[in-house]
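**Q** Chain by chain, the residues:
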Amino acid sequence: MLPKTVVTGVGVIAATGQGKAAFTTALLEGKHAFGVMRRPGRQLQSSYIGAEIGEITFSPDITQRTLRASSLSAQAALVVLQEAWSEARLSDVDPCRIGLIVGGSNVQQRELAQMHETYRESPAFLRPTYGLSFMDSDLCGFCTSQFGIHGLAYTVGGASASGQLAIIQAAQAVLMKQVDVCIALGALMDLSHWECRGLRALGAMGSDRFGDQPALACRPFDRDHDGFIFGECCGAVVIESGESCDRRGVKPYATLRGWGIVMDGNRNPDPSLEGETQAIQKALGTAGLSPSQIDYVNPHGTGSFAGDETELKALRSCGFTRPYLNATKSLIGHGLSAAGTVEVITTLLQMQAGRLHPTRNLENPIDSTMNWVTNKPVDHLIENALTLSMGFGGINTALCWQHHHQA
Amino acid sequence: MNKTKLLDLIAQHTREVLSGLETHPFVAADRLADLGANSVDRAEIAMLVQESLNISIPRVELFGPKNIGELADLFLQKLDAA
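Sequence order for the protein chains is A and B. Take the first sequence: its position 402, counted from the start at 1, is 402 in this note's numbering, and no numbers get skipped. So this note's numbering is basically just the index in the second sequence, starting at one, shifted up by 1000.
Chain B with its partners taken away, still in its complex shape (with noise of 0.2 angstroms):
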């Protein structure tokens, strides 16, 4: 797993979770507010992502990162840490 695509990932189940992101092309300096994300929302679509990784976050480090290029960074750590 590489960066592209785990923003691959946290692409598809933003996706997912908001509409009307079809075609919208994803960096890594979105925030996932900026797209239209409640707090629930942010929370639903980490899980989503925790569940396609099959790894598990503490919720208080998922308060970190700024946007998904950070919360990318943050997925491949945890990854490379199990």
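Excised from the complex, chain A in its bound form (with noise of 0.2 angstroms):
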């Protein structure tokens, strides 16, 4: 069994709520928060539904300075991660002992376009901030300067899943004791009309058969599901080793028991059974858990045709009968690289509330054999808890949580 390695704080924005109560409580009363996107640089031509933001809360220690030269993607790690920081109290932890690890690439995509616009008559006055912010590395700059963190910080991609990864580099940078406290942090990510029309034109996001009723088109797992709709959140997670948990009392969320990537040597968006069974097969070794001692699964469940048949295949044939499945996208949408970090923060949420949150939109489950949380909360107290993400160039991820009482 791998050394212990447990969660010490969370934070998490999404297009339902900014930090963990007002999070937890739209998760659990079922609110979503689906339109036709207005962000500028969201439409061209077109009527994108997704999720987005409303006006960011920032702490009054934010300077204007700050803010201004910050992208939106930079604003909302900005607001998870001090969230995060001061729950998990890292003020009082060595800065030379901390790392960050963020989850995504190419996230500033609509920040980058509209630039690309403003200047597009005259180059020669481009913000030379441009040179700076193009990079996602930006990110762990403009982080680290904030929090004044001297350990390690990295970008790590993997399309959907990099929010997951992102946990699984932090646990290992943790267990390779390069630092105590490693942040995983799935960004934001920020698209412009561009990627909607490319993700669109992939058949991957809906919705043809919604477009008119925002309410109705994010469906996981529904049979009237027609592809993934986009939701901008962003979380961090922090990952720390169970000693320097220990040694600092503070009061873990869970821990993280094992997990596994795997490849499916495919570029393509769609999904594998094998991939995905192999990547929950690997979890589940490494945690030493069974499928029958998992209670809850937060699946990927992005509301796509192959995707959503294939993981209930994968889920049956690893042999799982008894765990809730409820789909937090049905609820936020899908936040492409923050996706896997939300989606943890969610499930430990629901372990602490002991309360699973509705799925919205599912009325005929296209399997309706599974222990799906529909329209209503569920009580239920979370032992153990497998989360789902996938990305498309074939990847899947899985990791297995484990309550901290039981750890």
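Be careful, since some hints might not be right.
[Unchecked claim] Computed spacing ranges between beta-carbons, pair by pair:
hint: 1; chain 1: A; residue 1: E29; chain 2: B; residue 2: N1067; range: 30 to 36 angstroms
hint: 2; chain 1: A; residue 1: S59; chain 2: B; residue 2: Q1012; range: 37 to 43 angstroms
hint: 3; chain 1: A; residue 1: Q172; chain 2: B; residue 2: A1081; range: 17 to 23 angstroms
hint: 4; chain 1: B; residue 1: D1080; chain 2: A; residue 2: R38; range: 55 to 61 angstroms
hint: 5; chain 1: B; residue 1: R1031; chain 2: A; residue 2: R120; range: 19 to 25 angstroms
hint: 6; chain 1: A; residue 1: R68; chain 2: B; residue 2: D1080; range: 28 to 34 angstroms
hint: 7; chain 1: A; residue 1: G19; chain 2: B; residue 2: A1081; range: 50 to 56 angstroms
FYI, nobody ran anything at the bench for these hints, they're computed from the structure. The beta-carbon is built from N, C-alpha and C at its ideal position, and this holds for glycine as well.
From the two separate chains plus the hints, produce the assembled complex.
**A** In structure tokens form, the structure reads like this:
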């Protein structure tokens, strides 16, 4: 078994709420914020549906100077990191022993497209800061500078599995003793109308069926699903060695028991039953848990035809029968790079609340034999959870979590 | 455009980029570095002024001025030559 790594803090923002308290309330009440997207640069001869974050509230110590020089992705990172930092009391930790892994690549596309548009006719006046901000690693620089982090910091990319990949990479940095604490950030993927068009053209993003009914468009695992619906979100998870956590006397959310990463050897968006099954089995294997011990699964569940179908087949082929399932994306949409991190946070918050959030629009499940949480929340104390992510390019990741009482 | 107006323009963009200068009385002898601007901030301020004036100055020439008065003089000289 792996040495113990635990989660000692989380921070989150989504269109349904900023901060753990508001986010959890919205989750358990089954709230959503889907509509035709309105953020500048999101539409061009289009009316894409998605869930956008409203006005972000910043703590008073964040200056206008900082905000002016930060992208939407950076601003979201700032508020979730602050929340996670304060919960995990990271000000008490040696800054040289703190790391940051940013999950996601090409996350600031809308800001870049807006900048290109603004300076198309007058390129001589392009803002010098563009030379910094066009790189995703600017988020590492921005965040480490804001929080005085002196351990390691870098980005990892795995398409829609980036958020889980960041957690795995953070855990590895802690297990390698490179740092005692490593924060995994699922970066806010800021799509421009170009990416929306590409994802729609690819057949990945819905919704042909519910174009004029945004509230009905996002429906993972429902027979009427027709693709994922985008949702802005961002999350931070503080991964800490069990030793450091015990020494500091911080109460953890859960233990990261194990994980799996499997590639399908396939560049395309289509899922693979074998790849997903193997990733789940690897995660269970390193966790030393059997499928019957998992009592909650937070699936990838995007709402795509092949993706939803394949994921349920993979769960069945691994021998899961008992666990509850719900689809977080039905409430907050698909955050792409951030999804894996935010869904882990959702799992941990449900673990803490002893309650599972409802799944919106799950009227006719494609497989009704699964133990779905449908339109009402369910009281349930999660003991062991499995969280799944898959990404374009054939990446499959799975993580196993154990409630800290059981750890 | 005279020097006073140019100093006002530089002050306006400096306030935009930096924090806490809302009530600072800008004078020609003010140095951007002393006001808290790092090299990226200084490049950003200089570019915003160029954009406002619709005039492009080679970056190497912007290294010369030692304070915002000298920066204003450089812009005035370029405006006259344009």
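**Q** All hints, please: hold or fail.
**A** Hint check:
no. : hint                                 : verdict
1   : A:E29 - B:N1067: 30 to 36 angstroms  : violated, 58 angstroms
2   : A:S59 - B:Q1012: 37 to 43 angstroms  : violated, 27 angstroms
3   : A:Q172 - B:A1081: 17 to 23 angstroms : violated, 59 angstroms
4   : B:D1080 - A:R38: 55 to 61 angstroms  : violated, 46 angstroms
5   : B:R1031 - A:R120: 19 to 25 angstroms : violated, 35 angstroms
6   : A:R68 - B:D1080: 28 to 34 angstroms  : holds, 32 angstroms
7   : A:G19 - B:A1081: 50 to 56 angstroms  : holds, 55 angstroms
Of the numbered hints listed earlier, those contradicted by the structure are 1, 2, 3, 4 and 5.
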